[in-house]
Each structure stands twice: as C-alpha cells, then as structure tokens.
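Working from the sequences, and respecting the hints, build out all of it.
Just so you know, we're using my numbering here: the sequence shown kicks off at 2 and counts up by one.
It should be emphasised that the hints constitute simulated quantities derived from the structure, not laboratory data. Computed from a prediction, not measured in an experiment: that's the story for all the values here. Check the hints yourself; a few may be wrong.
Derived lysine to any residue pairs resembling SDA-like cross-links, with alpha carbons at most 25 Å apart [what the hints assert, rightly or not]:
1. Lys260 / Gly222
2. Lys260 / Val220
3. Lys249 / Gln238
4. Lys266 / Asn140
5. Lys249 / Ala280
6. Lys266 / Glu228
7. Lys249 / Ala212
Pairwise CB distance ranges, derived in the manner of DEER restraints [said to hold, decoys possible]:
8. Ala110 / Thr131: 36 to 44 Å
9. Asn94 / Ala225: 46 to 54 Å
10. Ala269 / Thr76: 19 to 27 Å
11. Asn24 / Gly217: 29 to 37 Å
12. Gly109 / Asp277: 17 to 25 Å
13. Gly217 / Ala31: 40 to 48 Å
14. Thr204 / Ala116: 46 to 54 Å
15. Leu63 / Thr131: 53 to 61 Å
16. Thr76 / Leu122: 30 to 38 Å
17. Ala267 / Val226: 22 to 30 Å
18. Met155 / Pro294: 38 to 46 Å
19. Gly222 / Arg49: 53 to 61 Å
20. Gln242 / Pro152: 18 to 26 Å
21. Val226 / Thr138: 13 to 21 Å
Even for Gly, the Cβ is constructed at its ideal location relative to N, Cα and C.
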Amino acid sequence: NSGAVGGLFADDRVGMSNTMIANNSGGDCATALPIRGFTNLTGDLSCRFSLTPGNQRNANPLLGPLALNGSANGTRTHALLAGSPALERGSNNMCTSRDQRGVSRPSGAQCDIGAFERELLVVLGTATLTPSAASVTANQTTTLTLSWTVPPTMTWTDLRTVDLQLNAGEEQPLVVRFSQGVTATEELGDGGEPGAGQPLAPTDTLTLFDADGAIGTGVLGDLAVLEGEAAALDLAQSRLQADGPAGKNLTLTLALRLKQPLAGKAYAITLLASDDTGALQGPSEAGTLAVGPFTAFVPLVAQP
Numbered sequence: 002n003s004g005a006v007g008g009l010f011a012d013d014r015v016g017m018s019n020t021m022i023a024n025n026s027g028g029d030c031a032t033a034l035p036i037r038g039f040t041n042l043t044g045d046l047s048c049r050f051s052l053t054p055g056n057q058r059n060a061n062p063l064l065g066p067l068a069l070n071g072s073a074n075g076t077r078t079h080a081l082l083a084g085s086p087a088l089e090r091g092s093n094n095m096c097t098s099r100d101q102r103g104v105s106r107p108s109g110a111q112c113d114i115g116a117f118e119r120e121l122l123v124v125l126g127t128a129t130l131t132p133s134a135a136s137v138t139a140n141q142t143t144t145l146t147l148s149w150t151v152p153p154t155m156t157w158t159d160l161r162t163v164d165l166q167l168n169a170g171e172e173q174p175l176v177v178r179f180s181q182g183v184t185a186t187e188e189l190g191d192g193g194e195p196g197a198g199q200p201l202a203p204t205d206t207l208t209l210f211d212a213d214g215a216i217g218t219g220v221l222g223d224l225a226v227l228e229g230e231a232a233a234l235d236l237a238q239s240r241l242q243a244d245g246p247a248g249k250n251l252t253l254t255l256a257l258r259l260k261q262p263l264a265g266k267a268y269a270i271t272l273l274a275s276d277d278t279g280a281l282q283g284p285s286e287a288g289t290l291a292v293g294p295f296t297a298f299v300p301l302v303a304q305p
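Here's what the structure looks like:
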C-alpha cells in the first residue's frame, strides 16, 4: 500500500492480536493512541502497540511475493519465508482455526502471526518438467510435460494438488493446478470397490488461475478450453498417464497457449504440491519459459 498511511489509520482505540502490518511504503500506522493486543508484528516503529507480551516492532517479516501458495479458494497471500520472525510466534488462544487460504492452524506448536500459516514441508514426490527451458511466441500453443514419481512409502491418493506456477520477479500471472480425482486407469470391481472391472469415469481436473483469480476448472480430456485474457488451456489435448503399482509414476501433459499480455518476459516455472493432509512440498524451481512478442504478418498490396 502506497497511500499517505499505508497500513492502519485510527483516531480511536484499536485492539488486535496475531496481526501483521508491514511492508507499506506509506508507513504502517497513524494513530495517537496505543494499540491493544498480543503477538502482533509491524515493519516499522509507527504502530504504538501497548507493552504486552509477544508484540514485535520494526521487524522484517521476510515475506514471499503475492501468490496462490496452494490456496484452495483462490486467495493469494504472502508466504512466510524461512527465518521469518512471525513463525511460531502467535497465540493459539487468539488465532483462527484456519488461515486465509483455508489451511488448518497451528501446523506446529504455535500459530504463525498474520494471514499465512506455514505448513510442515514434506517430500511428496520428485518432478521433471519437459522442456525445462522453452521459448515460445505469444498465441502459440506449447506442450509442457510434467513427470511425477511418488515415493515408495506413499500412494498416489496421498497427493491432492500440483500447481505449475509462472513467476516474473514479484509477479505470478499464471498458475495451472492439477487436482487428483479418479484417473482413467482405475477400475471398479463387482462389489463397488476399486479393482478389476469396468473403468471409472476420470475426474482429475485442471484449474487455470490468472492474476485476478480462477478462470475456470474442467476435467482432463473434456472437449473444452479454459481461457482468459492471459492464457488458454486445452483440456482435450491435456492428459494424464499413470504407470506402475498404485500409480507411482505419472505423466501430466498440458496444452497451454500464452497470450499477448504475457509476451516479452522470461518466466521461472515453479512447482507446489499438497497432499490430503494439507502438507506442502515446494515451491521448487522446475524450469523457465520465455514468451516472445506476437508476430503479425501484414500483406503488402501494390498501389495501382
């Protein structure tokens, strides 16, 4: 926020707890009265917190860029980076049961301060993106193939989502989210349980997000296109293949067309995965994608 007062303006008493006010270029607070509350964090000295336990002033919160961060509801947040003074410094008596993304809190012994609860990071799998370094022209369809191997101790159903994120500095203009459902390789047994029998109708889905939120969601293989101003995702040309016992090796193919608003930049591709318990792996770097300007061909017509 770059206003004259970027974070909080108050001419009366204010009470808050487990709240972060930081990184406002116009200053964090403008109030003549003390702010009551516990376990708050501010990025400068302008907020007059009362002398109560756990309040931190003039602290660098160590925040990541505004991003989805695995949000199930499409809300973007600033992740708490490793070493942030907000980690494990909140009050369990004051924090909400879920953070702004819908993630359960606390994930550790204590809640984190602010809108983001940093989950315990685990290993959900290893990934390879092909091509790992690509260059395309705007409005040209490109195929990205993500190969995912689940550790031997886990089953495929433990994995909930995989986000493929395009990042340019502090911007995250595009995210493609794969959500695990029923794959076409699973079958229904005679007793209604998965097993040998008739193949189940696939319900694995893809969701396309741009900077404004979710563009749409569709089932892999459907004759449909998820399309916004920045990109289009062809569901019919996107597919999932699972191989090996319990789907240990998976290949996700995405048919993506990036449009003119994304042209002229090189993007870092990162992956963020979550399992059914809400644990996260990532974001981790997977490759790069450069989008060149759209090439227009104008026919020359000879004048009579």
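Each hint tested on the structure:
Pair hint Lys260 plus Gly222 holds up; C-alpha atoms about 22 Å apart against a cutoff of 25 Å. For the proposed pair Lys260 and Val220, the alpha carbon gap of about 22 Å is at most 25 Å, so the pair holds. Simply put, Lys249 and Gln238 have alpha-carbon atoms about 23 Å apart, close enough for the 25 Å limit, and the pair holds. A threshold of 25 Å between alpha carbons decides the hint, and for Lys266 with Asn140 the separation of about 14 Å falls inside it, so the pair holds.
A distance of roughly 19 Å separates the Cα atoms of Lys249 and Ala280; the hinted pair therefore holds under the 25 Å criterion. The straight-line distance between the Cα atoms of Lys266 and Glu228 is roughly 20 Å, inside the 25 Å bound, and the hint therefore holds. Straight-line distance between C-alpha atoms of Lys249 and Ala212 comes to about 33 Å, which puts the hinted pair past the 25 Å bound. Taking the beta carbon of each, Ala110 and Thr131 are about 41 Å apart, inside 36 to 44 Å as hinted.
One distance hint, 46 to 54 Å for the beta-carbon pair Asn94 and Ala225, holds here, with the actual separation near 48 Å. Remark: the range hint 19 to 27 Å for Ala269 to Thr76 is upheld by a beta-carbon distance near 22 Å. A C-beta distance of roughly 32 Å is found between Asn24 and Gly217, which places it inside the suggested range of 29 to 37 Å. At roughly 19 Å, the beta-carbon separation of Gly109 and Asp277 lies within the given 17 to 25 Å, and the hint holds.
The hinted range of 40 to 48 Å is satisfied by Gly217 and Ala31, whose Cβ atoms lie roughly 42 Å apart. Our hint of 46 to 54 Å for Thr204 and Ala116 is violated, since their Cβ atoms are close to 31 Å apart. Separated by about 33 Å at the C-beta atoms, Leu63 and Thr131 break the suggested range of 53 to 61 Å. Taking 30 to 38 Å as the suggested C-beta distance range, the pair Thr76 and Leu122 does not conform, at roughly 21 Å.
Between Ala267 and Val226 the C-beta distance comes to about 25 Å, which sits within the given range of 22 to 30 Å. The beta-carbon spacing between Met155 and Pro294, approximately 43 Å, falls within the hinted interval of 38 to 46 Å. For Gly222 paired with Arg49, a C-beta distance near 58 Å keeps the hint of 53 to 61 Å intact. Between Gln242 and Pro152 the C-beta distance comes to about 19 Å, which sits within the given range of 18 to 26 Å.
Between Val226 and Thr138 the CB atoms are about 19 Å apart, so this pair conforms to the stated range of 13 to 21 Å.
The structure fails hints 7, 14, 15 and 16 (numbered hints given earlier, in ascending order).
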